[in-house]
Every structure is written in structure tokens, then in C-alpha cells.
Amino acid sequence: QKEVEQNSGPLSVPEGAIASLNCTYSDRVSQSFFWYRQYSGKSPELIMSIYSNGDKEDGRFTAQLNKASQYVSLLIRDSQPSDSATYLCAVHGSSNTGKLIFGQGTTLQVKP
Amino acid sequence: GAVVSQHPSRVICKSGTSVKIECRSLDFQATTMFWYRQFPKKSLMLMATSNEGSKATYEQGVEKDKFLINHASLTLSTLTVTSAHPEDSSFYICSGEIRSTDTQYFGPGTRLTVL
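In order, the protein sequence lines correspond to chains A and B. Mind the numbering: the first sequence is residues 39 to 150 in the numbering used here, read in order. Mind the numbering: the second sequence is residues 32 to 146 in the numbering used here, read in order.
Hints were generated in silico from the structure; no laboratory data involved. Every value quoted in this text rests on a predicted model; they were computed, and no experiment measured them. Glycine included, every Cβ here is placed at the ideal spot set by N, Cα and C. There may be inaccurate statements among the hints.
What the hints assert, rightly or not - A short, non-exhaustive set of chain B residues, derived as facing chain A with CB atoms under 8 Å:
no. : residue
1   : S74
2   : D119
3   : G138
4   : G140
Claimed, not checked - Covered stretches of chain B (in silico footprint by chain A; criterion: 3 or more residues with CB under 8 Å from a CB of chain A, positions within the stretch not fixed):
no. : region
5   : 75 to 84
6   : 127 to 134
Could you put together the complete structure from these sequences and hints?
In C-alpha cells, the structure reads:
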């Protein structure tokens, strides 16, 4: 079982729709969770961080965390073609090394 | 958000030469920096963890004598690819960690091409 799992996609949504990206993780003691966006040929860019169960909203983005289910998601409202990218879920490992464990990423395509 | 820079952004070198890549945290101090490599359409692969003032910790399968890492200050880490070969051609990305929030901020990356 992979430590952090994402559906690789591509996930295709029409412009203006809600895109829902999902991620599961295996380490129950993980405390810090992140979503990064990576455009083709570019480095990852931090979108959201979440540490507590529940929802965290930032503009069009909402991160949701459920530690009991070991599940974290990212909702993108009013999706735009510029949101088309690969979204990486990352989980801070339980060791004190500081490493992030990344999922393989979900490719999102927003069609005009 | 915190800003990390990398230099150079792109480098082309001949096989057998060495290339140094700099990673700087511009507006925060990074006790820990990380070096990643990414091949086209592949996932990020962690190469090593760099701690200021101490030796880097390399991931399994990464040759420490080939990929030399120095983290001499809280804002600068360097990666030197020694005796580069075409198979070392890749996108190298560093990140700096803000320890209090476990958050890594990535540099823009360095694209290395070895001829």
C-alpha cells in the first residue's frame, strides 16, 4: 500500500464547475497536510495547508481533512482553465526528519 | 508565502563536468532544505535532506559522492552534480522548510541538460 494515494486522473471538469480532488494516507499519526499545484515544467506551488479535522477555505479553494478516515481533499469552486495542472497531496511524515510524503498527483483539466 | 530562489534556472554542460546549483531562502531562515529530482511526467523524487551545519542525509539509491550537498548557512544550500552524465539530465528542485508549520516552499527549479 502506497503511503499517500491519489487518483492520477485526468480529472476533467467544465469551466465554472467544482473540481474535487481526493487523497488518502496510511500513517495514522500524521498531523500536517498540504496541497500543491504544479504546472507542466514548473515547480510545485503551495495551495493549502491543513492541520485539523474539518474544512479550511481560502478563496476558491477548500481543503477538507478527516483524520479518522485518513482522508484529505481539495475542492476548487468556479474552476477556471488556468486551474488546469497537476495537484499534489503531501503528508508530513511522523518522523522528525521533516520529509513530506507526496502522492503521485492528480491531473486536472478544466475545459472552457 | 515564503520565497525560495534557485540559480541557475537552466544549465547545459558537457559530460564529465560538474555543475553547482544554489538554493536560497529569501525571506525566512531554513534550518532544513530538501533536494528533489523530477523526470518528465514523473513524480517528485526526494534526493536528500540538507540540515544547516551538518551532513546531508541521502535517500536510498542516491550517490552521496556524486551529488554533493552543502548547507553552510540558514539561507543557502548548494547541490553539486559531479562528473555529470546524460542520465543526470533532469529537473532539480529545492525546498526550504518552515519548521513551525512543517511547510516546504519550493524553488523554481533548475533544468540540467548534460550533453
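Flag every earlier hint the structure violates by its number, smallest first. Violated: hint 2 alone.
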